[in-house]
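Model the placement of chain B on the given structure of chain A, informed by the hints.
There are 2 protein chains.
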Amino acid sequence: MGASGGAGAMFATMGALGLAPAQAATPAFQAPRLSDFHLTGRAARTVVVLGGGIAGLTAAYELGKAGYDCTVLEARAVTGGRNFTVRGGTTQTDLDGHTQKAAYSPGVYLNAGPARIAQWMVTMDYCRELGVPIQPFVNANADALIYNEANGAPVRYRTAKADVYGYVSELLAKATDQGALDGRLTAEDKTRLLSFLEGFGAIGAAHEYGGTNRRGFQAYPGAGLNEGTPLPGPPALSDVFAGNVGRYFSFELGYDQAMMMFQPVGGMDRIAAALTTAIGARRVRLGAEVLEVTGRSSQVTVTYRQGGRTRALTADFCVATLPPHLMARVPHNLGAGVTSALSSFPAAASGKIGLGYRSRWWETDLRIYGGITETDLDLAHVWYPSHDFHAARGLIVGYYNTGTAARAYGALTPAERTDRAVMQGVKIHGEKYRSELSSAFSIAWHRTPFLEGAWTSPPWTTPAYRLLLEPAGRVYFAGDWLSHEVAWQHGAFVSARAAVTALHQRVLSTGVPR
Amino acid sequence: MGASGGAGAMFATMGALGLAPAQAATPAFQAPRLSDFHLTGRAARTVVVLGGGIAGLTAAYELGKAGYDCTVLEARAVTGGRNFTVRGGTTQTDLDGHTQKAAYSPGVYLNAGPARIAQWMVTMDYCRELGVPIQPFVNANADALIYNEANGAPVRYRTAKADVYGYVSELLAKATDQGALDGRLTAEDKTRLLSFLEGFGAIGAAHEYGGTNRRGFQAYPGAGLNEGTPLPGPPALSDVFAGNVGRYFSFELGYDQAMMMFQPVGGMDRIAAALTTAIGARRVRLGAEVLEVTGRSSQVTVTYRQGGRTRALTADFCVATLPPHLMARVPHNLGAGVTSALSSFPAAASGKIGLGYRSRWWETDLRIYGGITETDLDLAHVWYPSHDFHAARGLIVGYYNTGTAARAYGALTPAERTDRAVMQGVKIHGEKYRSELSSAFSIAWHRTPFLEGAWTSPPWTTPAYRLLLEPAGRVYFAGDWLSHEVAWQHGAFVSARAAVTALHQRVLSTGVPR
Numbered sequence: 000m001g002a003s004g005g006a007g008a009m010f011a012t013m014g015a016l017g018l019a020p021a022q023a024a025t026p027a028f029q030a031p032r033l034s035d036f037h038l039t040g041r042a043a044r045t046v047v048v049l050g051g052g053i054a055g056l057t058a059a060y061e062l063g064k065a066g067y068d069c070t071v072l073e074a075r076a077v078t079g080g081r082n083f084t085v086r087g088g089t090t091q092t093d094l095d096g097h098t099q100k101a102a103y104s105p106g107v108y109l110n111a112g113p114a115r116i117a118q119w120m121v122t123m124d125y126c127r128e129l130g131v132p133i134q135p136f137v138n139a140n141a142d143a144l145i146y147n148e149a150n151g152a153p154v155r156y157r158t159a160k161a162d163v164y165g166y167v168s169e170l171l172a173k174a175t176d177q178g179a180l181d182g183r184l185t186a187e188d189k190t191r192l193l194s195f196l197e198g199f200g201a202i203g204a205a206h207e208y209g210g211t212n213r214r215g216f217q218a219y220p221g222a223g224l225n226e227g228t229p230l231p232g233p234p235a236l237s238d239v240f241a242g243n244v245g246r247y248f249s250f251e252l253g254y255d256q257a258m259m260m261f262q263p264v265g266g267m268d269r270i271a272a273a274l275t276t277a278i279g280a281r282r283v284r285l286g287a288e289v290l291e292v293t294g295r296s297s298q299v300t301v302t303y304r305q306g307g308r309t310r311a312l313t314a315d316f317c318v319a320t321l322p323p324h325l326m327a328r329v330p331h332n333l334g335a336g337v338t339s340a341l342s343s344f345p346a347a348a349s350g351k352i353g354l355g356y357r358s359r360w361w362e363t364d365l366r367i368y369g370g371i372t373e374t375d376l377d378l379a380h381v382w383y384p385s386h387d388f389h390a391a392r393g394l395i396v397g398y399y400n401t402g403t404a405a406r407a408y409g410a411l412t413p414a415e416r417t418d419r420a421v422m423q424g425v426k427i428h429g430e431k432y433r434s435e436l437s438s439a440f441s442i443a444w445h446r447t448p449f450l451e452g453a454w455t456s457p458p459w460t461t462p463a464y465r466l467l468l469e470p471a472g473r474v475y476f477a478g479d480w481l482s483h484e485v486a487w488q489h490g491a492f493v494s495a496r497a498a499v500t501a502l503h504q505r506v507l508s509t510g511v512p513r
Numbered sequence: 000m001g002a003s004g005g006a007g008a009m010f011a012t013m014g015a016l017g018l019a020p021a022q023a024a025t026p027a028f029q030a031p032r033l034s035d036f037h038l039t040g041r042a043a044r045t046v047v048v049l050g051g052g053i054a055g056l057t058a059a060y061e062l063g064k065a066g067y068d069c070t071v072l073e074a075r076a077v078t079g080g081r082n083f084t085v086r087g088g089t090t091q092t093d094l095d096g097h098t099q100k101a102a103y104s105p106g107v108y109l110n111a112g113p114a115r116i117a118q119w120m121v122t123m124d125y126c127r128e129l130g131v132p133i134q135p136f137v138n139a140n141a142d143a144l145i146y147n148e149a150n151g152a153p154v155r156y157r158t159a160k161a162d163v164y165g166y167v168s169e170l171l172a173k174a175t176d177q178g179a180l181d182g183r184l185t186a187e188d189k190t191r192l193l194s195f196l197e198g199f200g201a202i203g204a205a206h207e208y209g210g211t212n213r214r215g216f217q218a219y220p221g222a223g224l225n226e227g228t229p230l231p232g233p234p235a236l237s238d239v240f241a242g243n244v245g246r247y248f249s250f251e252l253g254y255d256q257a258m259m260m261f262q263p264v265g266g267m268d269r270i271a272a273a274l275t276t277a278i279g280a281r282r283v284r285l286g287a288e289v290l291e292v293t294g295r296s297s298q299v300t301v302t303y304r305q306g307g308r309t310r311a312l313t314a315d316f317c318v319a320t321l322p323p324h325l326m327a328r329v330p331h332n333l334g335a336g337v338t339s340a341l342s343s344f345p346a347a348a349s350g351k352i353g354l355g356y357r358s359r360w361w362e363t364d365l366r367i368y369g370g371i372t373e374t375d376l377d378l379a380h381v382w383y384p385s386h387d388f389h390a391a392r393g394l395i396v397g398y399y400n401t402g403t404a405a406r407a408y409g410a411l412t413p414a415e416r417t418d419r420a421v422m423q424g425v426k427i428h429g430e431k432y433r434s435e436l437s438s439a440f441s442i443a444w445h446r447t448p449f450l451e452g453a454w455t456s457p458p459w460t461t462p463a464y465r466l467l468l469e470p471a472g473r474v475y476f477a478g479d480w481l482s483h484e485v486a487w488q489h490g491a492f493v494s495a496r497a498a499v500t501a502l503h504q505r506v507l508s509t510g511v512p513r
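Chains as they are written, first to last, in numbering that gives the first Met the number 0: chain A, 0 to 513; chain B, 0 to 513.
Some hints could be false.
[Said to hold, decoys possible] Derived, one-sided and incomplete: chain B residues facing chain A with beta-carbon distance under 10 Å: (1) 132; (2) 200; (3) 204; (4) 205; (5) 212; (6) 497.
Please keep in mind that the hints were generated in silico from the structure rather than gathered at the bench. Bear in mind the structure is a predicted one, so any value in this text is a computation, not a measurement. Just so it is clear, CB atoms sit at the ideal spot from N, CA and C, and this is done for glycine as well.
Okay, chain A solo, but in the shape it has when bound:
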């Protein structure tokens, strides 16, 4: 046991780890069941779902388990919303009139929206339930690069980490040795801290960082007497910190980004496709743009345009999952407060480009198998593919940026975006980044019809946010924007579950039997 009341007390309890039944903040979701209606004299109702993204599909899927008769109205040509995978043949026209048709090779695709799933996310449960196979998504890779333009050359993560951890350990060990922390640390603390630092920084008993094979090799160890050729270095302490590489290290510690992460085999849209299949394609109306929502005491009528014609659909309930800033524009009779609340959700800009290559030079030449290169260029992030390793072709996400950079790229034509992304990427990767390119497809979410944004920053603490958590008459709202996991499918799933639960409980407990 530890010195301060038992080290056992320091750690998460078995329950906290999930090793015993967890004390969840909210009760576990229970999907509506057909049997819920036994003995009640009530029956499942009709529901019109606005939006065929993850939230809308999930609402229809879960309600459907209890026999609700759901119809999903989706304005785009496919379900999924931002869960959008671009393959060879995918065509899209943006709000500026630019039409792109992807020319990727078979098996090559871009997950233009969500592209990774953390282990704890409910998205994993849906993959399991729906039979969507998953595979690792490489969110961090020691052999991926860090490129800060002022440094002139990229450095591998493994090298940058070894140097930063080495010098940090040296500095703290020396301060400890010199007694600078005597007021904070007991003698036992000091011994344990130094033991940790010696290992973590590879600084040895002298507490000096002089490099470590964790940095990697210029040529790795081989046969016979070949001990490998070390990389030049390490650089001096001042140079390591001046290089500003450590700013990228926290990313992989994030509760939502830490490895392992996962992706569906074959593209993120496998989830949307599986939900759509489970719902029944006949219940999903594609190319159906919502024009107006009219709530009444016992029903909701939605008018929409499909195939050039205006149609109306009346149902007992409505689940509205359009992006809030777009729902705010839909005429309705739900009250000015609803419009005002919907308008208080800002829309963020973000863009991605998928660069299709005729070879996987990053694997063969750079020995980078998946992962993310970080840069202070306007590309922000460069992703290497996490699937089909050693295949003939592959796709690099040439930028994944937000805010100003996303708006700058979004303002360019698709061809100009490709040119700029490649020009920047060549700085990191060399000429093959240009010469091996075979095709590109880019998306600017803020310029994409029926979405017009990548995600929002919900006004969580406001009455406006709370207002939309309650139904407006017979209209329920759902989407990642009504969750604490915005921009993640998890948020859309749990928000849809919340709406489904509220709607179903209302049906079970109120009103006359149908």
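Okay, now just chain B, sitting in the frame of chain A:
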């Protein structure tokens, strides 16, 4: 540019990164080709290869490209040597007479020997060349556990890292604030260091660690107003260091262990199988135990026992890839120095157990998808499977240990090993570790016929080691034991390539044309 001569100078050069042609310590391997014999008047020769592990198979495979007529003698029932994958039906009898037959379900397997591949390893190139598909191997996972018995309960890696990095950052930031490092750091260094620490430790501007959502949640954020339920904690600084969790953090920084790592789809033995197919099964004699090696001026004769009969094989050359401590026992006429040198390689003990489960409770209950739990129990490491996520069944490596612990488990019967491993694993994972178990198979490499060890510690700096890098007459030695990557297939591949290169150059350049 940085303060000390340009930050650009600090980083690996483009060449060092492999972004330009690297200055390798040794010339790149060039496989023998049929065309090498054009104009020389010489021709490929016959070669007998002792041992059908990775080194032996590679020697035959590479020599075969130039038409060498190779025969591989392998004492075990399958090729691969320690590259050994146990599936349902696999049977093995150890040196103590214990016979096990694996009862794993279809698709469930144990890579009993090598089980992971780093991106830089030549093993990746062989997978590509041989058409062996690869997939990520999860060598580190933020949701895997650390269990030090005195702490009483496991903690997730993400939580342990957040706390250790938080307190380390706090301590160093405070020492820096107090001027304790003024002699070592410039004002600019200090600013940059503090900026790094604030992010790395999530300690804020006050330089106090008070927890961070990187620790994970008891219940993760959800819909509406659900911000998630934080884990209890963080513990006090003294308790964090007393828990001794940081000792496990360096593993994933290793040049040979850092993520990403990979594995062949379907089992590591896919590599051995692909090599065997490429060589031609007719060239591989299984169940063939080497009895004696006789070198002469122009040929080598090997006697061996197969199917109860003693046979002899004479060839122009021999490539000997048996484990050195076993080769030392084979009678030969290559000189006492060779025997003495072979005897100077010690054999290490190591063991693994594969626990087959009827459910993947670690995924559904613990949300652990692959990765390694570290413990100070004699189990050492517990591995969760990196493939077939969400399948009905799966296999946990219940221990992977070395030295004393491996000898202790190895001395038990297979059933006793299972009992002990499960008893220990229950401490970490709870009763499902026992109740969901369906079958087990264990290996003690030091008690495995024709191998009798897991790996060696080569006497790299001795004349004995150097002696075996040269041919003993017409006998060449190869194996991971003659490389600087012992216990990795990479070592076997590069050593075999070295032997092949030397042998082929000799044939091309010396002696009379055949």
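* To do: Kindly indicate which numbered hints from before are broken by the structure, ordering the numbers from low to high.
  => 3, 4
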